[in-house]
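Please take these sequences and the hints and turn them into a complete structure.
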Amino acid sequence: MLILELYIFVLAAFVGYMVISRVPPLLHTPLMSATNAISGISLVGSLVAAGSQRSMVATILGFIAVVAATSNIVGGFLITDRMLKMFRRDEPKAKPPESK
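So the mapping is simple: this note's numbering equals the position in the sequence shown, first residue as 1, plus 5.
It is possible that some hints are incorrect.
Stated by the list, open to error - Label pairs and their in silico Cβ distance ranges: (1) ASP95 <-> ILE25: 15 to 23 Å; (2) VAL72 <-> ILE8: 23 to 31 Å; (3) MET6 <-> ALA73: 23 to 31 Å; (4) LYS90 <-> TYR12: 36 to 44 Å; (5) GLU103 <-> THR40: 50 to 58 Å; (6) ILE69 <-> PHE92: 30 to 38 Å; (7) ILE84 <-> GLN58: 33 to 41 Å.
The set of hints was computed from the structure by calculation and includes no laboratory data.
We treat Cβ as the ideally placed atom computed from N, Cα and C, and that holds for glycine.
Pasting the structure below:
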């Protein structure tokens with residue numbers, strides 16, 4: 006059973022790397038927002054793992070997963086917000102009054 010789980014993990018890591026490495030930079034920000042939703046799902050799963058109280062190892066790994074998923078979500082939203090600020094238009098400056 007351990008070999009099967011390790012195989013699935015390695016396969017998921019490989020597929021994830023191949024998908025992410027093929028994303029053009031122009032699409033990075035919209036996809037970052039989408040991955041925040043996926044990280045939210047993993048946060049819920051890690052909360053379940055941390056609270057299941059099956060063993061001390063599961064609780065510790067669940068807590069580490071909660072911290073990792075939370076930092077991923079917060080960081081993703083901060084980066085997305087910063088990228089979107091780059092596309093905002095500047096307010097036009099008021100012209101100084103003309104003197105005679």
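Each hint, compared with the structure:
1. ASP95 <-> ILE25: 15 to 23 Å: The hint (15 to 23 Å, Cβ to Cβ) is violated, given that ASP95 and ILE25 are roughly 33 Å apart.
2. VAL72 <-> ILE8: 23 to 31 Å: Given a distance of about 29 Å, which is inside 23 to 31 Å, the answer is holds.
3. MET6 <-> ALA73: 23 to 31 Å: holds, 25 Å
4. LYS90 <-> TYR12: 36 to 44 Å: Given range 36 to 44 Å: holds, Cβ gap about 43 Å.
5. GLU103 <-> THR40: 50 to 58 Å: Since GLU103 and THR40 have Cβ atoms about 53 Å apart, the given range 50 to 58 Å holds.
6. ILE69 <-> PHE92: 30 to 38 Å: holds, 36 Å
7. ILE84 <-> GLN58: 33 to 41 Å: For GLN58 against ILE84, whose Cβ atoms are near 35 Å apart, the range 33 to 41 Å holds.
Consistency with the previously given hints fails for number 1 only.
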